[in-house]
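S.K.: Based on the provided sequences and hints, a complete structural model is requested.
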Amino acid sequence: MKELLETLAKALVDKPDEVEVSAVEGEKSVILQLKVAPDDVGKVIGKQGRIAKALRTIVKASSVKEGKKAVVEIID
Amino acid sequence: MSEKTQIITKLVEDIISATDIDCDISIEEDADGIHVDLRGEELGILIGKDGNTLDSIEFILGIAANRGQEERSKVFLDIEGYKSRKKERIEEMSKQAAEKVEQTGEAMSLSPMNPYERRLVHMVLKESTAVITESIGEEPERHIVIKPI
Chain A
1 MKELLETLAK
11 ALVDKPDEVE
21 VSAVEGEKSV
31 ILQLKVAPDD
41 VGKVIGKQGR
51 IAKALRTIVK
61 ASSVKEGKKA
71 VVEIID
Chain B
1001 MSEKTQIITK
1011 LVEDIISATD
1021 IDCDISIEED
1031 ADGIHVDLRG
1041 EELGILIGKD
1051 GNTLDSIEFI
1061 LGIAANRGQE
1071 ERSKVFLDIE
1081 GYKSRKKERI
1091 EEMSKQAAEK
1101 VEQTGEAMSL
1111 SPMNPYERRL
1121 VHMVLKESTA
1131 VITESIGEEP
1141 ERHIVIKPI
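From first to last, the protein sequence lines stand for chains A and B.
To convert, note that position 61 of the first sequence is 61 in the numbering used here; the numbers rise steadily by one, no gaps.
Remember, the numbering used here sits 1000 above the position in the second sequence when you count from 1.
Hints should not be assumed to be uniformly reliable.
[What the hints assert, rightly or not] Straight-line C-alpha distance at most 25 Å; calculated DSS-like pairs for lysine-lysine: (1) Lys1010/B / Lys1095/B; (2) Lys1087/B / Lys1147/B; (3) Lys2/A / Lys1010/B; (4) Lys1087/B / Lys53/A; (5) Lys53/A / Lys10/A; (6) Lys1004/B / Lys1049/B; (7) Lys60/A / Lys1049/B; (8) Lys69/A / Lys53/A; (9) Lys68/A / Lys47/A; (10) Lys53/A / Lys1147/B; (11) Lys1074/B / Lys47/A; (12) Lys1086/B / Lys60/A; (13) Lys53/A / Lys1049/B; (14) Lys65/A / Lys53/A; (15) Lys1074/B / Lys10/A; (16) Lys1086/B / Lys53/A; (17) Lys1004/B / Lys15/A; (18) Lys35/A / Lys15/A; (19) Lys47/A / Lys1147/B; (20) Lys1086/B / Lys1049/B; (21) Lys1004/B / Lys53/A; (22) Lys15/A / Lys65/A; (23) Lys60/A / Lys1083/B; (24) Lys43/A / Lys28/A; (25) Lys1049/B / Lys1100/B; (26) Lys65/A / Lys1049/B; (27) Lys1095/B / Lys1083/B; (28) Lys1100/B / Lys1087/B; (29) Lys47/A / Lys1049/B; (30) Lys1086/B / Lys43/A; (31) Lys1010/B / Lys65/A.
The set of hints was computed from the structure by calculation and includes no laboratory data.
M.R.: This is the structure:
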């Protein structure tokens, strides 16, 4: 899941080297914190949050397979 | 292979490997855009409810392909033929709804659809001399109303 979010985020930003995802693991859930360069924040959020919503949908889908609920937080 | 197709190929491969799903990837480019087709077992999770996950992946692929490019290309994603089946269903349903509107003379609202699906309905009924189609409301509730002429 962490790897997936990282892959997707890197494909969207201008500075892929500054993409960082840290995972806070709980028993039944995992919080994925996505950090990107300050100029790139808009690129992972999108107009009306559409990109952030799509990222959450995709990560949530992959979390089903791992049996853990994933929550994506975008840090700025 | 164009630069955009290379970007998409790499990204699709990375997504598949990160989700640990076994599948065949086929990517073709034509005048309409870049067509990505995935076939394999257990791809249901990448389709999602009402194709939500599929639409999200397609949306992200489209943005990734066009980032920093002057000319925009469309990216089309299909998984296990889900979208082509859905397209047929929507076209069939549109024709039936139009017939009903023509018979009853009453306008009919369809369920909310995404822009791609609404466009399909408009296209199917474009030539009709009995009904007109109109999109009303705001996303995600935006939907088509079929009206008698």
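S.K.: Give a verdict on every hint.
M.R.: Verification of the hints:
1. Proposed proximity of Lys1010/B and Lys1095/B is contradicted: the alpha carbons are some 40 Å apart, above 25 Å.
2. Distance hint between Lys1087/B and Lys1147/B is fulfilled; the C-alpha atoms sit about 22 Å from each other, no more than 25 Å.
3. In summary, the hint linking Lys2/A to Lys1010/B is supported, as the alpha carbons are separated by about 18 Å, within the 25 Å threshold.
4. For the suggested pair Lys1087/B and Lys53/A, the alpha carbons sit about 24 Å apart, so the restraint of at most 25 Å is met.
5. Among the hinted pairs, Lys53/A with Lys10/A is consistent with the structure: their alpha-carbon atoms are about 16 Å apart, no more than 25 Å.
6. Between Lys1004/B and Lys1049/B the alpha-carbon distance is near 29 Å, which puts this suggested pair outside the 25 Å criterion.
7. Distance hint between Lys60/A and Lys1049/B is fulfilled; the C-alpha atoms sit about 12 Å from each other, no more than 25 Å.
8. Only pairs whose Cα atoms come within 25 Å are accepted, and Lys69/A paired with Lys53/A is accepted, the gap being roughly 16 Å.
9. Proposed proximity of Lys68/A and Lys47/A is contradicted: the alpha carbons are some 29 Å apart, above 25 Å.
10. The hinted pair formed by Lys53/A and Lys1147/B fails the criterion: a straight-line CA distance of about 33 Å is larger than 25 Å.
11. The straight-line distance between the Cα atoms of Lys1074/B and Lys47/A is roughly 18 Å, inside the 25 Å bound, and the hint therefore holds.
12. Restraint check for Lys1086/B and Lys60/A: the C-alpha separation of about 23 Å stays at or below 25 Å, so the hint holds.
13. With a CA separation close to 15 Å, the supplied pair Lys53/A and Lys1049/B stays within the 25 Å bound.
14. As the CA atoms of Lys65/A and Lys53/A are separated by approximately 20 Å, the hinted pair is consistent with the 25 Å bound.
15. Taking the CA atoms of Lys1074/B and Lys10/A, the gap is near 20 Å; set against the 25 Å cutoff, the hint holds.
16. With a C-alpha separation of about 23 Å, the suggested pair Lys1086/B and Lys53/A falls inside the 25 Å cut-off, and the hint holds.
17. Of the pairs offered as hints, the one joining Lys1004/B and Lys15/A holds, with about 18 Å between alpha carbons and a cut-off of 25 Å not exceeded.
18. Restraint check for Lys35/A and Lys15/A: satisfied, since their Cα atoms lie roughly 11 Å apart, inside the 25 Å limit.
19. Of the supplied pair hints, the one linking Lys47/A and Lys1147/B is violated, its CA atoms being roughly 32 Å apart against a limit of 25 Å.
20. Note on Lys1086/B and Lys1049/B: the hinted pairing holds, with a Cα-Cα distance of about 13 Å set against a maximum of 25 Å.
21. A C-alpha spacing of about 24 Å is found between Lys1004/B and Lys53/A, which places the hinted pair at or below 25 Å, so the restraint holds.
22. Taking the CA atoms of Lys15/A and Lys65/A, the gap is about 30 Å. The hint is violated against a cut of 25 Å.
23. For the hint linking Lys60/A to Lys1083/B, the alpha-carbon distance of about 21 Å falls within 25 Å, and the restraint holds.
24. Under the criterion of a C-alpha separation no larger than 25 Å, the hint pairing Lys43/A with Lys28/A is inconsistent with the structure, at around 30 Å.
25. The suggested pairing of Lys1049/B with Lys1100/B is violated, with an alpha-carbon distance near 28 Å, which exceeds 25 Å.
26. As the CA atoms of Lys65/A and Lys1049/B are separated by approximately 15 Å, the hinted pair is consistent with the 25 Å bound.
27. Restraint check for Lys1095/B and Lys1083/B: the C-alpha separation of about 18 Å stays at or below 25 Å, so the hint holds.
28. Proposed proximity of Lys1100/B and Lys1087/B is supported: the alpha carbons are some 20 Å apart, at most 25 Å.
29. Using a Cα cut-off of 25 Å, the hinted pair Lys47/A and Lys1049/B holds, with the two alpha carbons roughly 23 Å apart.
30. Our distance criterion of 25 Å between C-alpha atoms is broken by Lys1086/B and Lys43/A, whose separation comes to about 30 Å.
31. Distance hint between Lys1010/B and Lys65/A is fulfilled; the C-alpha atoms sit about 23 Å from each other, no more than 25 Å.
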